[in-house]
Every structure is written in structure tokens, then in C-alpha cells.
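First to last, the protein sequences are chains A and B. If you read the first sequence in my numbering, its first letter stands for residue 1, the second for the next number, and so on. If you read the second sequence in my numbering, its first letter stands for residue 1001, the second for the next number, and so on.
Be careful, since some hints might not be right.
Unchecked claim - Simulated coverage check for chain A against chain B, where a stretch passes if three residues somewhere in it have a Cβ under 8 Å from a Cβ of chain B: (1) 177 to 183; (2) 187 to 195.
What the hints assert, rightly or not - Some chain A residues well away from chain B (every beta-carbon gap over 12 Å; in silico): (3) Leu38; (4) Val81; (5) Arg117; (6) Glu174; (7) Leu200; (8) Tyr223; (9) Ile256; (10) Phe258; (11) Leu271; (12) Ile272.
Unchecked claim - List time: in silico DSS-like cross-link candidates among lysine-lysine, alpha-carbon distance up to 25 Å: (13) A:Lys176 with B:Lys1134; (14) B:Lys1278 with A:Lys176; (15) A:Lys170 with A:Lys111.
Read the hints as simulated data drawn from the structure, not as lab findings. Backbone N, C-alpha and C define an ideal beta-carbon position, used for all residues, glycine too.
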Amino acid sequence: MDVPVSDAPITEDTSAQAARLRRRRWFTQFLPFFSTPLAILIIIALWQWYTASDPRSKYIVPEPAKVWQRLVEFPSDAKFVKDTWQTVYETLLGFAIGSVIGIALGFVVAKSQIIERVLNPFIIASQVVPKVALAPLFLLIFGFNSTSNIVIAVLLSFFPLLSNVVLGIKSVEEGKHDLMNSLGASRWARLVHVELPFALPYILTGMEVGVVLALIGAVVGEYLNPNGGLGATVVQSLNAFQLDKLFAAIVILTVIGFIFYAILAGARRFLIPWHETGHTIRRETM
Amino acid sequence: MEPLKTSSEHILKQSSLPDNSNRQEIIVTQIGKRYTTESGQVVALQDISFTAEHGSFISLLGPSGCGKTTLLRIMGGLLRPTSGEVLVGGRPLYKNGGTDKEIIHSIGFVFQDPNLLPWRSILRNVTLPLELQKVDKQLRTERAHAMLKLVGIDTALFARAYPRQLSGGMRQRVAIARSLVYDPLILLMDEPFGALDAMTRESMNLELQRIWQQSGKSVVLVTHSLQEAVFLSDRVVVLSSRPGRIREIVPIDLPRPRTRAMLEDPYFNRLVGLLRQKLEEGY
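The following block holds chain B by itself, in its conformation from the complex (with noise of 0.2 Å):
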């Protein structure tokens, strides 16, 4: 499972980023959304401010409609904020009039919905944020391979099959594997795992740590499942609903690598017992 390692450099050698070690880091400061409705303001987020630490995995836990998503998508370039700042390696993203596209170009994004493109095969929907880069056609479809196989797909029986013939467990392997074939530093979830049957989540979850664990990367991961925040996170990032405010921030320091049997450790469940207090006390 070297594949990443072998390949990476030439795609490093595409992007334009200049080389510094804290380019992965986040820094949301001060973020707040508000809406203009018929029935007046609606405020979705007030004052959000974080660090989202170089090669850290941090979630966001909060009741469903405090604005995690909103948060996410604002870290991701989807979404401007009314006010505040997301800094990826100390530059905005946000410029006057549009995102900052080498930043763009650091982060992956995973949907709740895999959003694959029906028309293209499962080898041509992982090579298409290379093509949009003007990645040579023979590196981006090795890119491709590398990255289906490390998150578990079968190239050799579908690299050609269109997504309509995958499992919704697959399909979104796929949009993962998507999401990390240009190499972005930083990777974006947004509730990845939420249309999946319990056990396919739990193997998607120790998936997903191996991934981040070989690569690198920062992960930012919203869901409202308590288990999977602490089965993966160093930290979480509680938040509460209306206006969507952080709670809390707690820190899990479960040792790594994580393992199916911690989901009975009796320290795994104080954890998911201090996140549900956490939780309530934000409704």
C-alpha cells in the first residue's frame, strides 16, 4: 500500500504552492454566517474560531442544522462567510471577488453524496480533478489506479464499470479516492459515511484512519455520530445549534493506531459519554 509515496512527487511538481510545513495548517478566526430571510436575519454561525493543526484529524460534532456543513463549506471555498477569515497556510482563502485557486487546489473535498459524473467510468470520475489540472493523461490514469487501490477498489474489475453498477459503500470509496488524487494537503469530509449501513461505516472508519495515517493529510470531518468522532479524531470540535457557536473543543487522546476492539474500551465509551454531555448541553 505505497502507491501515494511512489507517485506523489510528480503532482507536487504540478502545483505552484511554495514549499512551507505549515501550509496544511487552518486557521478559521472569527467566522459568522447570517442569512437574509422574508422573516428577517437568520444567524447560522457566530464567532467560529479553530486550528485545524498541520497532519491533524479533527471533527465536527454538533445536533443536525447547527451549521457544521455551513462551517465546512465555508472551509472549503463553497461558501463565503459574512464575516471572519479562513487562513490555509497563513493566506486567505476568501479574495475580494473569489477564492484563492492555488488553495482551492490543496484541498479535497468529500460530499455527503459521492457526486459521482454518471457518464464517466470509475477510472474517469478519480481522473478528473488531474484532467482539470492539464495532468498528462498516462500519469493521471497511474494516479488513479494508485489511488483506487488505496482506498480498497478492485481496478481490475472496475476501473471501467460506470458508478450506477457500484454499492453506495463503493461509490463513495470512489469519491474518496477522487478527492485524493491531486494530493491536496488539507482533506475536507462532509459526513462521508452518513448514508452507510453501521458495520460498512465501522470498516469505512478504520479505512479512513489508515488512509490518513499513510498520507499525511489534514482532515477536517463533519458527522454527527459520537463514535466515529472519537474513534478518529485528535480532537472535537463541538458545536451548538442556533446560533451554530463551538461548545467546546475536546481533546481525544486515544492512542493510534485505533482498532475495532477500543469501540468496547471503557475509556473509548467515557469519551463518547463526554461528547453526548457536551452535546445536550448545547441543545
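One chain only, chain A, in its complex shape (with noise of 0.2 Å):
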């Protein structure tokens, strides 16, 4: 809620409803800290006490302990590693050619109606197929190779930034464009100063989405693709019944989806903290 900074100044407000105020706001800023590991701790817990319990378990799920003992072991597992950079590498190449292409091609679209309309079709059409049942496609054109992996990425990841660009630009207010108008500036002024930078929260939720839509178009990628990376090393670890390599993979995808998505959301905080979601400037609340 926006409180507007009065010219009066603040006092110091020491009363006991102040403090409660305080701890009940450093309460909720601080729970996921304690909730989730809390509830990560039970799910394994569960987890544990379903695989101690029942037999037949160990043809479904391995052991907690087990998994565990495959992440310990990782980092002196060669391949393991190597997969791993295979997998971050097709997704960092595919994403950022993804937003390149997502984002020019957003640009052009919000600010042409003729191409909007000439493209529009192709857009969609690149959308409702199915991408994932085209990989076999992308494996036949581009060979058994990481380059396959990363066009599925660029396919997969482009177009939430594509949406949200042309979304980003069509929401500049009237008023802005009046400011600009009245200001005589050119196209190119009303570009950066206006339109790029209304369009920054949109471009930065539209990577949000992107980023782990990358991944998964490389992980399908890599089912089929006998090259490497760690979807192929899920596809193997299942075909050895090594159930306990498959979820270790697993847990570094999640690793690695997470932290792709941390480093976004932590951009946001950074870029735009003039915008509502970005939460760094100060501000006095209720």
C-alpha cells in the first residue's frame, strides 16, 4: 500500500502495538526459513518410513539415504558432472537465444500492426503444436548432438518473452505517450526512455517463465538424445535401474531450475525496484 511521504516527521512510535506490529511482520518475513526445511525434513522423513516399511518399495522409490549417498559421491562422478554442465549449458545457450529472439521479435510485433497481423498466425501455430512431440523431428535435422537439445530450448523458452514484450508495450499508458508527445521527443527517445523500461517487469516475468521452460526443452531433449546431459542420464539411470542416480539427477535439475530462477527474481529486486514486485525501496506500511 503506497503512503505518501509527508513533509512532517516521522515519530518514533515506541508504543506496545508498534512492537507487536514488528514481530508479528519479522514473523512472516522469516517463515519460509523455518517451514520449508521443516517440511523438507518431513517428506523425507515419510519418505524414509515408507521405504523401512514395505518391501516392495525399493522397485518404486529408493531410500532417502541412498540418494543421498549418489549427491555425496557426485562431484568425483565425472560423467555425472559432465552431464550436468551439458544440461546448464543448453539451457543458458537455448534461454538467451530464446529471449533474444522472444523479445526483438515482441518489439516488433507491439510496435507494427501489419507484422502483428502478417505474423500473428505463425506465432500461435509455433505455440499449440505440441513442441515436445517435435524432438524426435529436431534429432533427425540437427543430429544426436547438443544443438538439437538447444533449439528445443530457444522453441520452448521464446515465446513467454515474445508475450509478455507485446504485452509490456501495449500497456504504456496513454499519458505517457501524451508526456512525450508534448515533449517532441522522437521514436527512438520514446524507445528507451518510456517503452523499455515500462517493459522491464513484464521482459523480467516473461525470463522467469522462460529460464525454466529452457530447461525442460533440453532435459526432453536429451531423453531422446543418447549425447549426454542429465536427461539422458535419467533415461539411463531408469533403463540400469539405478534408481537411486535417477533421483540424484533429479534433485541437481531441481538444484539447477531453482537457482536459474533465484538469479531472475533476484534481478528484478535489482533492476526494477521502482516496481511493485521489486521490493527494495523503503517504505512505511500499515
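Can you join these two chains into the complex? Each is in its own frame, and there are hints to help.
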């Protein structure tokens, strides 16, 4: 909630009520630091209890301890580490290319109605086609190597960027355009000073979705592609019935996805502190 | 409160307008504006002609929907009229396919909404017009500080704050500072205080009068407040609605500077009454 800053000095409120309010705010803020580990511990405990109590469980899930063992050994497993880096590389490259395409295309589509009308059917078609189903085709076209995985990552990740950029630029308020007109601003100045900064929160939201989709794209490619990567590790572990390794790979994929997401969420605070979704501006809250 | 004089020479050098004393005179001749809608043509403005002389304060007053904002937008180069011409300093504002950029740079526009850019600090919102005009950084910062002081914003406290941290009245002050920063000769204001409470509005009116008197600019103000129009104006252009036409141009001969006490003055209220009567005739 916005509370205007007044010229009047802010008086230090030392009443018990204010203290209680501060405590409650502190509690909500730091709750996830306690609740998340606790929830994870409970899930692992249930998992452990299940594997210990049901002998059939070993055909479905490995023991938590074995997965942990795999994760501990992970740094010394050269193949595993190499596969991890391959997935990271494919995801990042696919995401980077997808972002550039999505953002550039988004600007063009948002600014030109003609181009929007012409391209829209193809953009929509590229989205309604289940791209995952096209993955085998890419393997045929680009070969059984990283390139295919990267292409799938690009294709999956560009769309949220495109649609968010279009939405962002089209949401620029009429008043901002009036302002720039009244100042005699050029098209370029309008883009740099109004449209781009205005679209930035939308772009970042698109990137948060896009990076996760790029990871999915890379892994889907790897499922079909014995060339390497964590997706291939998952499939190979399943075939070799190494459930502990399969689970370890999934844990690592989760961590990778989480790190990418966290970086982008951090970028939001850093790049758009002025926006409602970035909270670094200190505000007096009621 | 002399910051404007100290640094305005720098800015004037930046602008390449030829120096002639009538260049802040706006002549509006035979302006008409029609909109084509599915149900036919709507005449928003018809045959509007008046002159805003050098250094004068003119108000456009009329019932809502009478086209006063449309007229102001036409005068500010934001909306091309269907017929007629706007002459600023004897030169047409609208050229083939666009507006005269030099004239645009001599007009400051204050909108109903402050239209501050939320990602820019208060200071950088005010420097924006100068950035667009490629004025160097130190000069534009100096100018912006001077203008913020002029509109009564404490720069030590607020220069680095963001618009969302300010109250509505303060945001509108910042918007006024932004429109003054490039030293336009003409200030067009579209109900700038419409969203403010009555007390804030009164004090903003006093401040606007002070700023206008200090800067010697021509001001055209759109308002629907009779008191505001009488309090500030040299002349009030009363518009009738549908189509928007000039009903009457009422001269306001109250002495300057006008004070809060005048709001209680019988003559002031007679003028308000006269405007009300003209407005009612216009319905």
C-alpha cells in the first residue's frame, strides 16, 4: 500500500502495539526459513518410513539415504558432473537465444500492427503445436548432439518473452505517450525512455517463465538423445534400474532450475526497485 | 526564489528560437474538430478563435464534455484540428505531416495526471525534457533543482525519492517543475489540480500565481472550477457544449497579486456568479 511521505517528521512509535506489529512482520518475513526445511524434513521422514516398512518399495523409490549417498559422491563422478554442465550449457544458451528472439520479435510485433497481423498465426501455431512431440524431428534435422537440445530449449522459451514484451509495450499508458509528444520526443527516445523501462518488469516475468521452460526443453531433448546431459542420465539410470542415481539427477535438475529462477528474481529487485514487484524501496507500511 | 533568472539564460541559448517579443503569443483561429464515429460525425469544437497574449493568464472554462481538453491538446500540438490554425509567435504549429518541433519545445504541458515515470527519481523525472534536448548533465541537474525549489519541493529530502513515495499534490508539483525546466514560453495546463482536495488546491493556486508572475510565461489553464478561473485569470474563455463553441470571453479585472482574502470579496463572488450565469446559458 502506498503511503505518501509527508513533510512532517516521522515520530518514533514505541508503543506496545507497534512492537507487536513489528514482531508479526518479522515472523511472516522469516517464516519460510523455518517452514521450508521443516516441510522437507517431514517429507524425507515419511519417505524413509515408507521404504523401511514396505519391501516392495525398492522397485518404486530408492531409500533417501542412497540418494543422499549419490549426491555426496556426485563431485567425484566425472560423467555425472559433465552431464550436469551439458544441461546447464544447453539451457543457458537456449534461453539466451530464445530471449533475444522473443524480446526482439515482441518489440516488432508490438510496434507494427501489420507485422502483428502477418506473424500472429505463425506465432500461435508455433505454440499450439506440442513442441515436445516435435523433439524427435529436431534430432533428425540437427543430429544427435547438443544442438537439437538447444533448439528445443529456444523454441520452448521464446514465447513467454514474446507475449510479455508485447503486453508490456501495449500497456504503456496513453498519458506517457502524451507526455513524450508534448516534449517533442523522437521514436527512439520514446523507446529508450518510456517503452523499454515500462516493459522491463514484463520482460523479467517472461524470463522467469522462459528459463524454466528452457530447462525443460533441454531435458526433453536429452531424453531422446544418448549424447549426454542430465536428461540422458535419467533415462539411462532408469534402464539400468539405478533409481538412486535417477533421483539424484532429478534433485540436481531441481537445484539448477531453482538457481536460475532465484537469479532472475534477484535481478528483479536489482533492476526494477521502483516496481511493485521489486521491494527494495523502503516504505512505511501500515 | 530567483533560481529561474540565474539559470534561464543557459537554457535560452540552447533553444534556437529567433528572438522576437511576440513569440509567446498564441493565436487560435477558426479551430474546428470533428470525430467520425460509427453513428456519424461528432462535432467536438466549432469555430474557436481567441488570442492569448504575451504573458497573459487565460482560463478555458466549460461544462464537462465541452471539448476544453480537446482544445488544449490542439494548442499543445497533441491533436491535429480538423480545420483552423494555431499560430505561436506568428508561426503555424501544425505543418504538413507533423508539428513544428521548435514551437513544441517552447510549450510546456501539464496534464491532469502528473504522468511521472515511476522508474525515475523525482530529480530525473524533472531532468527528462532536458535530456531529450541533449542539455549537458550538470546544467540539467542545476536547472531541475532550481525548478523543484520553485514549486516548493525540498530537494534535500525528495530529489532521490521515487514518485510513488510522494503525495498526489507533490507529484503534480513535480510535473509542473518538469514542464518549467526547459523554460517554455507558454504553459498549457489541463485541470492540473482536479484531483486535489480543496485546501491543497487553494494553496496550489496561490503558488501557480507566484510561479506565473515570477516567470512571465503565458499560461492557458483548463478548469471546471469557477473560483479557480476567477482567482487566476486575466480572461476566462467560457465554452458551451456540443458542439464546443466560445460562449463569451470574460475579462477578470481583479488587482494582482490575488490573495486568499479575495475569495471572500463581494466583487470576486460577483465575477464567479457572472461566470456561472454564462456557463448555464451554455448548456
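Status of each hint after checking the structure:
| no. | hint | verdict |
| --- | --- | --- |
| 1 | 177 to 183 | holds (count 5) |
| 2 | 187 to 195 | holds (count 3) |
| 3 | Leu38 | 36 Å, holds |
| 4 | Val81 | 41 Å, holds |
| 5 | Arg117 | 22 Å, holds |
| 6 | Glu174 | 10 Å, violated |
| 7 | Leu200 | 8 Å, violated |
| 8 | Tyr223 | 42 Å, holds |
| 9 | Ile256 | 31 Å, holds |
| 10 | Phe258 | 28 Å, holds |
| 11 | Leu271 | 9 Å, violated |
| 12 | Ile272 | 7 Å, violated |
| 13 | A:Lys176 with B:Lys1134 | 20 Å, holds |
| 14 | B:Lys1278 with A:Lys176 | 35 Å, violated |
| 15 | A:Lys170 with A:Lys111 | 8 Å, holds |
Consistency with the previously given hints fails for numbers 6, 7, 11, 12, 14, ordered from lowest to highest.
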